[in-house]
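Asks: Chains as they are written, first to last, in the working numbering: chain A, 2 to 318; chain B, 124 to 594.
Just so you know, the hints here were simulated from the structure itself, not pulled from any lab data.
A couple of the hints might just be wrong.
[What the hints assert, rightly or not] A partial selection of chain A residues facing chain B, derived with a Cβ cut-off under 10 angstroms: (1) A158; (2) L218; (3) L229; (4) D312; (5) P313; (6) R314.
[Unchecked claim] Counterexamples of contact, computed for chain A against chain B with all Cβ distances above 12 angstroms: (7) A220; (8) V235; (9) A299.
All residues carry an ideal CB built from backbone N, CA and C; glycine is no exception.
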Amino acid sequence: MTQTNPFIAALAQRGLQAVVVALIVGIVSFAMMQALPGDAAYRIAAGRYGYDMMDAASAELVRQELGLDRPFWAQLLQWLGALATFDLGQSAVYGTPVIDEIATQLGYSLLLAAGAVVVSVLIAVPMGIAAGLRPGGLVDRVSLGISILLRAIPAFALGVVLVLIFAVQLKLFPVAGFRGPQHLILPSLTLGLGLAAVSNRVVRDAVVEAMDAEWRLFARTKGLSARLTLVRHVLRNASLPVVTYVGVQMAYLIEGVVIVETVFAWPGIGHALVHAIFGRDIAMVQGTALALGLIYVALNLVIDLACRAIDPRTRAT
Amino acid sequence: MSIVTVSELQVFAGDERLMGPVSFALGAGETLVIMGETGAGKSLIAQAILGVLPNALRMEGEICVNGRRVDTLTPAERAAMWGHEIATLPQEPWLALDPLMQAWRQVAETHVHVAGLSRPQAQHQTAKDLVALGLNGTEDRLPGQLSGGMAQRVAFAAATAGRAPILLADEPTKGLDSDRRDRVTRLLAQVPKDGGTLLAITHEASVARALGGKIMVLRKGVLVEDGETSSVLTKPQHSYTRDLLAADPVEWEKSEAPPRGDPLLIAEDLTLGRGGKILIDGLNLTVHRGERIACLGPSGVGKSTLLDTLAGLVAPMRGTLCKADGLGSHAVQKLYQDPPAAFPAHVRLGRSLQDVATVHRTPWDQVEANMVALKLSPALLERRPDAVSGGELQRLSIVRALSANPMVLLADEPTSRLDPITQKETMALLGQLTEQLGIAVVLVTHDRGIARAWAQRVLELGPQPEPSHSG
Numbered sequence: 002m003t004q005t006n007p008f009i010a011a012l013a014q015r016g017l018q019a020v021v022v023a024l025i026v027g028i029v030s031f032a033m034m035q036a037l038p039g040d041a042a043y044r045i046a047a048g049r050y051g052y053d054m055m056d057a058a059s060a061e062l063v064r065q066e067l068g069l070d071r072p073f074w075a076q077l078l079q080w081l082g083a084l085a086t087f088d089l090g091q092s093a094v095y096g097t098p099v100i101d102e103i104a105t106q107l108g109y110s111l112l113l114a115a116g117a118v119v120v121s122v123l124i125a126v127p128m129g130i131a132a133g134l135r136p137g138g139l140v141d142r143v144s145l146g147i148s149i150l151l152r153a154i155p156a157f158a159l160g161v162v163l164v165l166i167f168a169v170q171l172k173l174f175p176v177a178g179f180r181g182p183q184h185l186i187l188p189s190l191t192l193g194l195g196l197a198a199v200s201n202r203v204v205r206d207a208v209v210e211a212m213d214a215e216w217r218l219f220a221r222t223k224g225l226s227a228r229l230t231l232v233r234h235v236l237r238n239a240s241l242p243v244v245t246y247v248g249v250q251m252a253y254l255i256e257g258v259v260i261v262e263t264v265f266a267w268p269g270i271g272h273a274l275v276h277a278i279f280g281r282d283i284a285m286v287q288g289t290a291l292a293l294g295l296i297y298v299a300l301n302l303v304i305d306l307a308c309r310a311i312d313p314r315t316r317a318t
Numbered sequence: 124m125s126i127v128t129v130s131e132l133q134v135f136a137g138d139e140r141l142m143g144p145v146s147f148a149l150g151a152g153e154t155l156v157i158m159g160e161t162g163a164g165k166s167l168i169a170q171a172i173l174g175v176l177p178n179a180l181r182m183e184g185e186i187c188v189n190g191r192r193v194d195t196l197t198p199a200e201r202a203a204m205w206g207h208e209i210a211t212l213p214q215e216p217w218l219a220l221d222p223l224m225q226a227w228r229q230v231a232e233t234h235v236h237v238a239g240l241s242r243p244q245a246q247h248q249t250a251k252d253l254v255a256l257g258l259n260g261t262e263d264r265l266p267g268q269l270s271g272g273m274a275q276r277v278a279f280a281a282a283t284a285g286r287a288p289i290l291l292a293d294e295p296t297k298g299l300d301s302d303r304r305d306r307v308t309r310l311l312a313q314v315p316k317d318g319g320t321l322l323a324i325t326h327e328a329s330v331a332r333a334l335g336g337k338i339m340v341l342r343k344g345v346l347v348e349d350g351e352t353s354s355v356l357t358k359p360q361h362s363y364t365r366d367l368l369a370a371d372p373v374e375w376e377k378s379e380a381p382p383r384g385d386p387l388l389i390a391e392d393l394t395l396g397r398g399g400k401i402l403i404d405g406l407n408l409t410v411h412r413g414e415r416i417a418c419l420g421p422s423g424v425g426k427s428t429l430l431d432t433l434a435g436l437v438a439p440m441r442g443t444l445c446k447a448d449g450l451g452s453h454a455v456q457k458l459y460q461d462p463p464a465a466f467p468a469h470v471r472l473g474r475s476l477q478d479v480a481t482v483h484r485t486p487w488d489q490v491e492a493n494m495v496a497l498k499l500s501p502a503l504l505e506r507r508p509d510a511v512s513g514g515e516l517q518r519l520s521i522v523r524a525l526s527a528n529p530m531v532l533l534a535d536e537p538t539s540r541l542d543p544i545t546q547k548e549t550m551a552l553l554g555q556l557t558e559q560l561g562i563a564v565v566l567v568t569h570d571r572g573i574a575r576a577w578a579q580r581v582l583e584l585g586p587q588p589e590p591s592h593s594g
């Protein structure tokens, strides 16, 4: 074999992508922080000591300590140089290493994302298959209507609606925060419904296409039962576009994590990002944005590998 | 005792009768061939027996299989007969095989789930089947890695592994070159010899002749002639049967050689390949003004790649392609195999032609003159591609290609999807018109008869010695 192993090639490609993402995210988030109005030193001082305790002198101390008066490119180069040694710096507000902050928050965010994906799969797959087996039928039309409705509602509004119904009125689940598994349900549902609203239609289309395929009829006429044909041929063929689409949805998932965490005061990375922006905690903003970008790359690698596992054509030479 | 009995079968779409009435009875060891042009309703008979007529269609009459009336059964009861009592060979074997499953698994799963063998037994039997069909070495391949002929044999093994005594084969040789066609035909001819019952649908006289048995000739859904295959094929009574037989390219008259002019395209030491694999090595070819060249060879040998190279769409791996001076970038035009795929589906045909004529500043009179020469009615221009026949659409694509004022026309199996009578007519009109205009034609075909009768020069392409197979 003279050709590079396609598996290694995929890894190398994603690895390169990770480096590019790190550079772009770092530069863009830094530039956006610079573009925000107001004096960052005052905001940081307020974050450290509280609005009532700070004054021009403490802001000046912060400016000196963090070197905020240096030219922006010097600050950026310093961050990039530190990044090359895997050092994300310290939080400007708390003084703790950014990496420690992210390490705790990342676990919570991944828990929420996993919860959302589980919810969306549990809803989208059975619903999509049921709709796809009878296109134009009742399930198909009702699920289309619900999908459009759910997709049209922004995640923050859907979150508030779910809180009003299940937490405030029915008192089934807690409103916000995280102290136990029951706190996971409403945020996961908010995010998962948004994902399922589109992915159930993708599942449905994939099933319709597979059911119309000539190989499906041939599998039946050679004697396989409807159930065997579904299990042995239709599901595998139909899963391919669905898994590919889940990769596309990762962008929605990451965007959703930021919004949903903020709505539910979820102690994750998205919540931390929003908090850090308000506090002008530049190192935290860059660190959390970087973590989100790298998760995106990693998830896409997982999707690539899943597609390879399902589709033997990608493995053949 | 008869195994399949069909009495007064008719198929309707609304009030319009598409097919019938036809009646026949077939016993064990017997063969029935149904012949006729595309759209003659041949496939409807097989679909009615199997119970897979489209929902929009309605059948009348009676169908009995193994002494049991089946047309009144529920869909589930009919599906229970598939594979056990009736096996079906697909029309498009490539599309009939699961693209994600290895060839041997698609055969083995019938052995396990339909014939009820244990897994080791099924594996053993599958290996035996594939060797018997000359498919050793292809076990682990996916359908996309099989040739059309191989895919048809894999489909045959998968379809018959359930040991159903009745085999329905709907155009089983469609798109196969003559060697592979003969191979599949021999396979089918073996079915009645082993005590099975064969119902084969074809438009090819050579296939019908090899299968023997009885024959029914259908035209526009109506039975025009039936009898013993050998006598109907040698002494056809109906004029339509005679036309159908005369349309077999083997029977075509050799066309006169038009005068050959100056060289237009000169290819020297051309080496072509796809995906790193060499298909054609060191080919020299000169295309002269007004001449007809046929490229003949089995599927996958690089015929289409050669056309794409001559058209300048693909760069050769080695060698040079020279155009004569004064030959513009539109002087080489291409005709495609599948006319519906070559026209935008939702655009009026007139619009599609006008656009090309406008771009190339071709007077509309010239387009109309070409349409008259190809026997196309101007009324067709108001329609969309799905509202005209395949033959008309292919002739319209000839008109479209000629609107670019080409000097060379590259035709990639332009008639392989047309029925024989339409094929003969289309090739004759294409020959007349290009001769009149002095246009050279390079025809790609898998049919030796067409190549011999229609072209002055035949370029035979053989497979390159394949490096040892990996993966």
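Asks: None of the hints should be skipped; say for each whether it holds.
Replies: Hints versus structure:
The interface hint given for A158(A) is broken, as the beta carbon of that residue sits about 38 angstroms from the closest beta carbon of chain B, more than 10 angstroms. Against a cut-off of 10 angstroms between C-beta atoms, the interface hint on L218(A) holds, since the closest Cβ of chain B lies about 7 angstroms away. Contact between L229(A) and chain B, as hinted, is supported at the beta carbon level, the nearest pair being about 6 angstroms apart and thus within 10 angstroms. Below 10 angstroms, beta-carbon pairs count as interface contacts, and D312(A) has one with chain B at about 6 angstroms; its hint therefore holds.
Because the closest C-beta pair between P313(A) and chain B is about 6 angstroms apart, less than 10 angstroms, the hint holds. Look at R314(A): its Cβ gets to within about 6 angstroms of chain B, closer than 10 angstroms, so that hint holds up. A220(A), annotated as away from the interface, has a beta carbon of chain B within 12 angstroms; the closest lies near 7 angstroms. Its closest Cβ contact with chain B, about 9 angstroms, brings V235(A) to no more than 12 angstroms, contrary to its assignment away from the interface.
With a least beta-carbon separation of about 26 angstroms from chain B, A299(A) lies farther than 12 angstroms from that chain, consistent with its non-interface assignment.
Going through the hint list in order, the structure does not satisfy hints 1, 7, 8.
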